[in-house]
Amino acid sequence: MEVMILMKDQVAKLYDELSGEYNFFAPVKEKGYVAYRKISNPKEIELNYFNSKIPPKEILFPQMEVLFEFKTDGKNVIEIEDRKDLDEKNILFGIRPCDAHSFDLLEKFFAFGDFQDEIFLKKRENSLIIGIGCNSPKSTCFCTSVEGHPFQKDDMDIFLVDLGDKYLVEGISDKGNNLIQQLSWLSKASKADTIKAKELAKKAEDLITTKLDLTNTSQILESNFGNEIWKEVSENCLGCGSCTFLCPTCTCFDVIDENDQYENRGRRIRIWDTCQFCLYTLHTSGHNPRDNNIERCRNRILHKFSYYPLNYDLIGCVGCGRCIQVCPVNNDLRTIINKINNIKPKEEENVSV
Amino acid sequence: MSNPYIPMLTTVKNIVSENKVNDIKTLELEFKKEEDYNKFNYIPGQFAEISLIGKGECPIGIASSPTEEGSIQFTIKKMGTVTSEFQNCNIGDVVGVRGPFGNGWPIEEMKGKDIVVIGGGFAFSTLRSLVIYLLNEKHRKDYKKITVIYGNRDSGEVLYRNVLEEWKKYDDIEVVLTIDREEEEWKEKVGFVAPIVKEVGPSSNNAVAVVCGPPIMIKTTIAVLEDLNFNDEQILNSLEMRMKCGIGKCGRCNIGNKFVCIDGPVFSLAELKKLPNEY
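Protein chains in written order, with the working numbering: chain H, 1 to 353; chain D, 354 to 632.
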């Protein structure tokens, strides 16, 4: 497939051409932050941004989502209505490589086991990701330590590189290549353009200074459930849950029923939940398997760096750094990983009941 | 692929108040659509997510046995929001059911063995399912001696009294009932479950012990079973955990990398010893 060029002033044209067939999601400015939103005017698109505060997982797994709707006769349900919007096609424009990789993790998680989450998986199947490389990663970025790269394109359908006043456009998947063919007005990239893109990739990689070695982390975690390190790690945690709510790979949710006040109808919804909250695991009997901060902080780390590798053979972290940026007490995941890696074998304890 | 969060609809066919305090009820549910009933293939020990749509959903063990055809039963104690709502159910009300979920009792591996069923309090529901299944004429020959030891705080808390009376009429099952303190007119055993298990002294030879109840009962009973030479593979537990989805997605019922909803709720003691102590 040939590499093409999209001029930045042609993004509106791209939107106009695709917005009939697709819901077009793109980065926009919202309350001082960048967020991925379904846009209705290409002028809303923010092209100069680092990344969104809330990860774009919210497009396919929103903070609040209807599972189904129902009608009642005042007491009993008389009709259940399934979601009807899952076949709509989506373009996800301007997704960063770390977040694009998170979609791959989310897909594997929601498809795992005997029960598939149709709601997520159908939306994922009907979405086309136009991702973009990161020319200037921030100090909190560590994608290269978790099998990623600021120019990683595997998890995208189309990959863009910001060349100043234009984008280099590369088709990655069949879906992406077909779409590029549809856009006959794209011009061809020159050799100089592709060389510049390569230079930018190298420069971006060099900008990521954090280097974590995760080779043995999962193994160390398996035998250090009872280690003293967890006290240290959780000591100043406030349990606010921000790290999990803004994590592109966190998937936990609560389920509740909502009823309309004046009409005999309602909906069962799921809303994001977090393992950092005490209520998350509290039994009705009052018993709580993860009653304190130590256990809850440990669960977050183990889920991403031990349970994910054990269950899905993947690291449950994409190195976006949001949890580091947002933590009100500056708990840094990279420091925690280094502490784990430094646990000396003699300190290792066996898991005991 | 279909939306796994949409429940099948059933109607309440019968309601039985199970205890003197009247906070435990058994609901018998009939599926509205026959195809839903036919799809609901379960084994003892599995659970379902049942809901009063508009009020909420909760995971409850299936109290009926698949051999009791035509309907399914759930025994619900008033505990939280949804289970409290269930106490106000009337015959004819609509109940949503998703499931069956979880692994259930390993009825295949239990074949050819003595089965020791030990229950405490209202955790007896999936044990009711198991014993009725084992006693069914189609299955009885597959299993050897059946011993049931069932303990409660007081006589008013004993669930499934009619079924227990019936079991006592069988000559191929030993049923031992106990309550914590002596009461007038109580002719069965008195004492906690663990010492009664010791007194009954089931043989561990080619046997499986199935234990359900409050944590302290489980702990003390396991110690007795170990004294009786039951090994970790021969002791089975069914765990409870806060759950929302029942299908391994909502996250909260994990013990280490296992989910109670899809990897359990039944675990052998050997399996539990490999997991972190977080349940």
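No wet-lab data here; the hints were simulated from the structure.
There's no promise every hint is true.
[Claimed, not checked] Calculated pairs, SDA-like style, for lysine to any residue (alpha carbon to alpha carbon, straight line, at most 25 Å):
1) 84(H) with 357(D)
2) 75(H) with 389(D)
3) 378(D) with 8(H)
4) 71(H) with 627(D)
5) 386(D) with 114(H)
6) 626(D) with 313(H)
7) 431(D) with 74(H)
8) 386(D) with 74(H)
9) 626(D) with 228(H)
10) 386(D) with 257(H)
11) 627(D) with 223(H)
12) 71(H) with 385(D)
13) 386(D) with 282(H)
14) 75(H) with 627(D)
15) 385(D) with 223(H)
16) 386(D) with 313(H)
17) 626(D) with 223(H)
18) 626(D) with 345(H)
19) 75(H) with 424(D)
20) 408(D) with 282(H)
21) 408(D) with 80(H)
22) 8(H) with 286(H)
23) 108(H) with 440(D)
24) 89(H) with 35(H)
25) 108(H) with 452(D)
26) 71(H) with 440(D)
Hints and how they fare:
Taken as a hint, the residue 84(H) and residue 357(D) pair is honoured in the structure, with Cα atoms around 15 Å apart against an allowance of 25 Å. A distance of roughly 22 Å separates the Cα atoms of residue 75(H) and residue 389(D); the hinted pair therefore holds under the 25 Å criterion. For the given pair, residue 378(D) sits about 66 Å from residue 8(H) by alpha-carbon distance, which is inconsistent with the 25 Å threshold. Straight-line distance between C-alpha atoms of residue 71(H) and residue 627(D) comes to about 46 Å, which puts the hinted pair past the 25 Å bound.
Among the hinted pairs, residue 386(D) with residue 114(H) is consistent with the structure: their alpha-carbon atoms are about 23 Å apart, no more than 25 Å. The suggested pairing of residue 626(D) with residue 313(H) holds, with an alpha-carbon distance near 23 Å, which does not exceed 25 Å. Between the alpha carbons of residue 431(D) and residue 74(H) the distance comes to roughly 23 Å, so the proposed pair stays at or under 25 Å and holds. For the hint pairing residue 386(D) with residue 74(H), the CA-to-CA distance comes to about 22 Å; that is within 25 Å, so the pair holds.
Between the alpha carbons of residue 626(D) and residue 228(H) the distance comes to roughly 21 Å, so the proposed pair stays at or under 25 Å and holds. Between residue 386(D) and residue 257(H), the direct Cα distance comes to roughly 23 Å. Compliance with the 25 Å bound is thereby established for this hinted pair. Under the criterion of a C-alpha separation no larger than 25 Å, the hint pairing residue 627(D) with residue 223(H) is consistent with the structure, at around 11 Å. With a C-alpha separation of about 16 Å, the suggested pairing of residue 71(H) with residue 385(D) holds against the 25 Å cut-off.
Taking the CA atoms of residue 386(D) and residue 282(H), the gap is about 35 Å. The hint is violated against a cut of 25 Å. Proposed proximity of residue 75(H) and residue 627(D) is contradicted: the alpha carbons are some 46 Å apart, above 25 Å. Using a Cα cut-off of 25 Å, the hinted pair residue 385(D) and residue 223(H) is violated, with the two alpha carbons roughly 50 Å apart. Note on residue 386(D) and residue 313(H): the hinted pairing is violated, with a Cα-Cα distance of about 41 Å set against a maximum of 25 Å.
Restraint check: the Cα-Cα separation between residue 626(D) and residue 223(H) comes to about 14 Å, which is no more than 25 Å; the hinted pair holds. For the hint linking residue 626(D) to residue 345(H), the alpha-carbon distance of about 22 Å falls within 25 Å, and the restraint holds. For the proposed pair residue 75(H) and residue 424(D), the alpha carbon gap of about 22 Å is at most 25 Å, so the pair holds. Proposed proximity of residue 408(D) and residue 282(H) is supported: the alpha carbons are some 19 Å apart, at most 25 Å.
The straight-line distance between the Cα atoms of residue 408(D) and residue 80(H) is roughly 15 Å, inside the 25 Å bound, and the hint therefore holds. Using a Cα cut-off of 25 Å, the hinted pair residue 8(H) and residue 286(H) is violated, with the two alpha carbons roughly 58 Å apart. Our distance criterion of 25 Å between C-alpha atoms is broken by residue 108(H) and residue 440(D), whose separation comes to about 40 Å. Straight-line distance between C-alpha atoms of residue 89(H) and residue 35(H) comes to about 20 Å, which keeps the hinted pair within the 25 Å bound.
Distance hint between residue 108(H) and residue 452(D) is fulfilled; the C-alpha atoms sit about 22 Å from each other, no more than 25 Å. Distance hint between residue 71(H) and residue 440(D) is fulfilled; the C-alpha atoms sit about 22 Å from each other, no more than 25 Å.
The structure shown violates the earlier hints numbered 3, 4, 13, 14, 15, 16, 22 and 23.
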